[in-house]
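**Q** Heads up: the protein sequence lines correspond to chains A and B, in order.
Residue numbering for the first sequence follows my numbering, beginning at 1 and increasing consecutively.
Residue numbering for the second sequence follows my numbering, beginning at 1 and increasing consecutively.
Since the hints were made in silico from the structure, they are not lab data.
Be aware that one or more of the hints could be misleading.
Simulated DEER-style distance windows between Cβ atoms [unchecked claim]:
id, chain 1, residue 1, chain 2, residue 2, range
1, A, I230, B, G67, 49 to 57 Å
2, B, G67, A, K167, 45 to 53 Å
3, A, T186, B, E5, 22 to 30 Å
4, B, R8, A, D15, 24 to 32 Å
5, B, H84, A, T53, 35 to 43 Å
6, B, H84, A, E233, 55 to 63 Å
7, A, K206, B, N90, 14 to 22 Å
8, B, E5, A, R32, 42 to 50 Å
9, B, A103, A, L256, 22 to 30 Å
10, A, R32, B, E11, 19 to 27 Å
Reference listing, derived: stretches of chain B covered by chain A, where coverage requires no fewer than 3 residues with Cβ under 8 Å from a Cβ of chain A [unchecked claim]:
id, region
11, 2 to 16
12, 43 to 55
13, 117 to 123
14, 142 to 150
We treat Cβ as the ideally placed atom computed from N, Cα and C, and that holds for glycine.
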Amino acid sequence: MRKYKINYMKSEPTDSSVTKYMNFNGILVKYRSITFWTKMSYGMAAGIAMIVTLSAAAYLVYPSLFQFGNKTEVSNDIKEQKEEDKSLIVPLSEREIAAGKNEEKEVEDIDSESEDFEKNGVEQEKSTDLSSKEEDVVVNAEKEAADIMNDEISEDIEYIFLEATPKIGFDSLYNYLNSEMLPLKTLTEETKGTVIVMFEIGVNGKAQNLRVTQGLSTEADQEALRLITIMPEWIPAKLNGEAVESTMSLPVHFELTKN
Amino acid sequence: MTLPEENRIIELAKTDPKDFEPLYNYYFKKIFVFVLSRVGDQEVASDLTSQVFLKAIVNLKRYKYLGFRMSAWLMKIADNEVKHFFRKSNKVRNVLITDMVIANLSQTVENNNKETLLDALMKLLHTLEEEALQLIEMRFFEEMSFKEIGYILEITENNAKVRTYRLLDKLRNAMSHEEI
Numbered sequence: 001m002r003k004y005k006i007n008y009m010k011s012e013p014t015d016s017s018v019t020k021y022m023n024f025n026g027i028l029v030k031y032r033s034i035t036f037w038t039k040m041s042y043g044m045a046a047g048i049a050m051i052v053t054l055s056a057a058a059y060l061v062y063p064s065l066f067q068f069g070n071k072t073e074v075s076n077d078i079k080e081q082k083e084e085d086k087s088l089i090v091p092l093s094e095r096e097i098a099a100g101k102n103e104e105k106e107v108e109d110i111d112s113e114s115e116d117f118e119k120n121g122v123e124q125e126k127s128t129d130l131s132s133k134e135e136d137v138v139v140n141a142e143k144e145a146a147d148i149m150n151d152e153i154s155e156d157i158e159y160i161f162l163e164a165t166p167k168i169g170f171d172s173l174y175n176y177l178n179s180e181m182l183p184l185k186t187l188t189e190e191t192k193g194t195v196i197v198m199f200e201i202g203v204n205g206k207a208q209n210l211r212v213t214q215g216l217s218t219e220a221d222q223e224a225l226r227l228i229t230i231m232p233e234w235i236p237a238k239l240n241g242e243a244v245e246s247t248m249s250l251p252v253h254f255e256l257t258k259n
Numbered sequence: 001m002t003l004p005e006e007n008r009i010i011e012l013a014k015t016d017p018k019d020f021e022p023l024y025n026y027y028f029k030k031i032f033v034f035v036l037s038r039v040g041d042q043e044v045a046s047d048l049t050s051q052v053f054l055k056a057i058v059n060l061k062r063y064k065y066l067g068f069r070m071s072a073w074l075m076k077i078a079d080n081e082v083k084h085f086f087r088k089s090n091k092v093r094n095v096l097i098t099d100m101v102i103a104n105l106s107q108t109v110e111n112n113n114k115e116t117l118l119d120a121l122m123k124l125l126h127t128l129e130e131e132a133l134q135l136i137e138m139r140f141f142e143e144m145s146f147k148e149i150g151y152i153l154e155i156t157e158n159n160a161k162v163r164t165y166r167l168l169d170k171l172r173n174a175m176s177h178e179e180i
């Protein structure tokens, strides 16, 4: 027996009960946020790549420019310049672009204006700091987008599920139910049939939360519930070796016996 | 919605996702019921269904007409989405049987005794593996063609047919057992 919960309904849900869940605009909003982040992340990646290439090119052409006197000097300069040069406080993204695009030009001018070079260094350091933070956000969004893009045909992972089984086996269980069944007073040729009882097999192997999913008559339902309650213990279902609750349903047949 | 109409809308929606709306309205119920019959909870089904359509819109550029309606493609996404849900959540897989399933089955196995059929079906379903269960569901509940079933389960059309007929044989045997 598998871990399935079998439901019986006369017909499938009506249109009105389904349409209340429709929300196309909600999907469009989600779609836009995904595509936005995908585009953003490509833009960011391109920007970062450009900065890296330009600085590498600058290093190749003018290697001497990259030999900083020492680092502490530069960081001191940063503090001074922060106070002195208010013009540095421009929107960060603009500065980033400026750092990327104007670098080559600035690098050429640098021989004559050494101050300029220092500014450039500061800018570069700051922009890498900034971009690493932004990168985190972008990477997350990228992952999310990639998940959705690649998830369409997902691969199956190892997933071992063992269904709950009666300790005595199914055949013996059915025999047991038949032998324990008390004769019903109200059972006639018209009212005979099957009661289906749904129940959970807990981790302790005992049936709980019993309910009748397909009833016959009050007496038959009661008897079926009684039988399922007194039945022997089960081996609980196992997910990757760990006992878990599972729902089962069992049919109990009520037939006329010839006396 | 006719097939040429559907394909025209798909082409439009590839450039502007807003144009997808008629397809959404047309297929929502089908996908919702497909998911609901398996997960058994309306709220969960609603979430998963919107996820299915979101993925459909995101991946629409990759959609190619393969000879059947778009519902098959959507159901394939829905099938993956449902499997993913059960892998993650450890919930119990549902199977929905309606009078339509019984009617379809009884026509195929040529047995009109509803009760015997239902009993035999209940017992049979419990013994089935996921894929065999899907065959029964898709053929008799979602009423798909073998070609579509083959496409969704990634087996050949013929294989889907053979396996379904074997299951029906099992069902017939179980029923004749019941009747004795």
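**Q** So does K206/A sit 14 to 22 Å from N90/B, Cβ to Cβ?
**A** 20 Å, holds
**Q** Quick check: the region 117 to 123 of chain B, covered by chain A? Criterion 3+ residues, Cβ under 8 Å.
**A** holds (count 4)
**Q** With 19 to 27 Å as the target window, see if R32/A and E11/B comply at their CB atoms.
**A** 21 Å, holds
**Q** For the pair H84/B and T53/A, does the Cβ-Cβ distance stay inside 35 to 43 Å?
**A** Given range 35 to 43 Å: holds, Cβ gap about 40 Å.
**Q** Between the region 2 to 16 of chain B and chain A, see if three or more residues pass the 8 Å beta-carbon test, and mark the coverage as holds or violated.
**A** n = 0 at 8 Å, threshold three: violated.
**Q** Taking the CB of I230/A and the CB of G67/B, does the distance hold inside 49 to 57 Å?
**A** Holds: the Cβ-Cβ distance is about 56 Å, inside 49 to 57 Å.
**Q** Could one say that the CB atoms of G67/B and K167/A fall in the range 45 to 53 Å?
**A** 51 Å, holds
**Q** Starting from the range 22 to 30 Å, see whether the pair A103/B and L256/A falls in it by beta-carbon distance.
**A** Roughly 28 Å apart at Cβ, these two residues keep to the hinted range, so it holds.
**Q** Confirm or reject the claim that H84/B and E233/A have a C-beta distance inside 55 to 63 Å.
**A** Given about 34 Å between the Cβ atoms, the range is violated.
**Q** Are 3 or more residues of the region 142 to 150 of chain B near chain A, judged by a Cβ distance of less than 8 Å?
**A** Our answer is that it is violated, as 0 residues pass the Cβ test (under 8 Å) against chain A, missing three.
**Q** Hint says 42 to 50 Å; check whether the CB-CB distance for E5/B and R32/A agrees.
**A** Violated: the Cβ-Cβ distance is about 26 Å, outside 42 to 50 Å.
**Q** Can the suggested window of 24 to 32 Å be confirmed for the beta-carbon pair R8/B and D15/A?
**A** Given a distance of about 25 Å, which is inside 24 to 32 Å, the answer is holds.
Violated hints, in rising order: 3, 6, 8, 11 and 14; the structure is consistent with all others.
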